[in-house]
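> We have chain A; now place chain B onto it with these hints.
Residue numbers (my numbering), protein chains in the order written: chain A, 86 to 569; chain B, -4 to 151.
In short, the hints are calculated from the structure, not lab data. Misleading hints may appear alongside valid ones.
Stated by the list, open to error - Pairs of lysine-lysine, DSS-like flavour, derived with a Cα cap of 30 Å:
no., chain 1, residue 1, chain 2, residue 2
1, A, Lys202, A, Lys90
2, B, Lys135, A, Lys504
3, B, Lys3, A, Lys339
Spelled out, the chains give:
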Amino acid sequence: MGKSKIPIEKIDDNLFEIKPFGGMLKPGRIYASDEMIAGLLEEEAPLQQVINVAHLPGIEKYSLAMPDIHWGYGFPIGGVAATDWKEGVISPGGVGYDINCGMRLAATGLTESEVKKRLQKLVEELFKTIPTGVGASHAIKKLSKNELKKVAQEGVNLVVEQGFGQAEDIEVIEEKGKMEFADFSVISQRAIERGLDQLGTLGSGNHFLEIDVVDKIYDEEKAAALGLFQGQIVILIHTGSRGFGYQICDDYLKVMSKAAQKYHLNLPDRQLAAAPIQSQEGQDYFAAMSCAANFAWSNRQVIMDLARRVFKKVFNLSDADLQFRLIYDVSHNIAKKEEHQIGDKKKTVCVHRKGATRALAPNHPLLPEKYRTIGQPVLIPGDMGRYSFVCIGTEKAMEETFGSTCHGAGRLLSRRQAKKAGAGRNLIKELSERGVIIQAKGMATVAEEMPEAYKDVQSVVNVMHNSGISLKVARLKPIGVIKG
Amino acid sequence: MDKFIPFKEIEHTADLAIQIFGRNLEELFHNAHQGFYTIVFGNFKKIQKMANASQDKCPLKTLQLEETSLEDLLHSFLSELNYHLQSKRTIFSPLLNLEIHQTSNGARLRINATELKLSSQFLAEADITEIKAVTYHGLKFVQENGLWSVTVIFDI
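Only chain A is shown next, with the shape it has when bound in the complex (with noise of 0.2 Å):
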């Protein structure tokens, strides 16, 4: 396969395999097409991280790659890998910097027809509710120490109380959106201070809010289940637990460093860094990455309810017309304790899903009991000019990928060749042309996002669509874009 020195082989049609050689513990798994085996195989990096990632202690069955697989710091950003809860590692590099960043589909009872004529208002009007970039002022007040420690510990249930959204919409994330091991008496007082004025911001980069239409149905039973149609206006909102995740990556990854030296951890690469699960700094680290988990899942919350007051105030509706409500919401960089089946029996694993989406199968205990028959919604953004996808979790993704797929489509052009690409260019009016307003903080922000920077994700999800292992629903179109 080309000049590369990787060793891989073609398992099927969408599946390639590294069989363990020097340090590997277990093979390297990726989930790609020919054409994109052909360029991993050309950059060789991030295959070199998927088999760096087959090194860590304790790691089951193998070292995965979604078909979104490029580099990143430790794991390959679209990495997923498993550890034994007992005798395994943890390792932030398999989590990021964005800890539980993530996506939430909420959907509306309108239509195109009835929201295009007021559009450009929507649009306005959310880019001026909704906190972008660096030192916007926040849209709820600041929190307190008090306040932060109970987002951190007890997750979105906080701020639905304090009138963000609905009780129904717990029922509806990940996890309830809290995750039970969080501890805020590990995180620094760096963190804290970061994590004060952020709740309800967006951020920057890729982070977005969109407007998408439903543009195509590809299984209408499912589409049904989740109440979408042809159509419909929903939004898509992609961010995460900002500074204090953040903050709490990079305080973990200093003691990490030490812990590896500590346990004598034989890793090929120092942003693996990792400590044993059950050691006092990997238990630490999950206390802590799980109080960020809580943060993103409450900022998510707060930001989709921020934009159910700016639809009811454009339209003049009440919630009873507007029939908002929260369809799902997943992380996609995020470590859980999981149980898999490994062989004959089912043990308890650190799934580490590093630009990766849990995908879990019908029937899955974890499930919400409305989507309990269909399996899990996932949620795969594309670019802003594009499409996104609804897919939902299989049975096989549980037999082969620890329930997890792909997460977006992944950059073509540096930021800096998307700059020069966009200069002189009047992008705006572009993707206007193209039927989508978008409004951003920075002119950089867009032209650094334009479609253009993006693969197709279209080639990505249809890979694990193709693979069986999370099967498309609906496609989005979004029409309105915010951005940092």
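Using the frame of chain A, we list chain B on its own:
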């Protein structure tokens, strides 16, 4: 004679990276400071001008950091700048009396700097790149022909 380049942006698909140079370690840290604010604000001169204009009204802070290696020291220094920007909305500029000492246990930095509070208006209007964190990836000091260099990747 070639013009000395304090830092240059390196191509990186997902994030931002800069290669920083210095004829000595103090100069490299000065240039890292300049590179960081250039990445964040897009224009260091504008920031420098604003800081110079307000210098008399701002407190002078002393920053002391000690780490087990030069790489960790630079990581801490840049993380410090980022923390103050993100959390306190302040920038450290200009830098005065920057001293680096390499010790048997690692390296130490001592610096005096004016801490300037950014106004709400400036923050609302400026096109600022948010840096999530300074990463350790590929962070390695190199000294060749009397010139120090290091590449830093910022997760954005």
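> Now tell me, hint by hint, if it's right for this structure.
Going down the list of hints, with the structure as the test:
| no. | hint | verdict |
| --- | --- | --- |
| 1 | Lys202/A <-> Lys90/A | violated, 57 Å |
| 2 | Lys135/B <-> Lys504/A | holds, 28 Å |
| 3 | Lys3/B <-> Lys339/A | holds, 27 Å |
The structure is inconsistent with hint 1 alone, although it conforms to all the rest.
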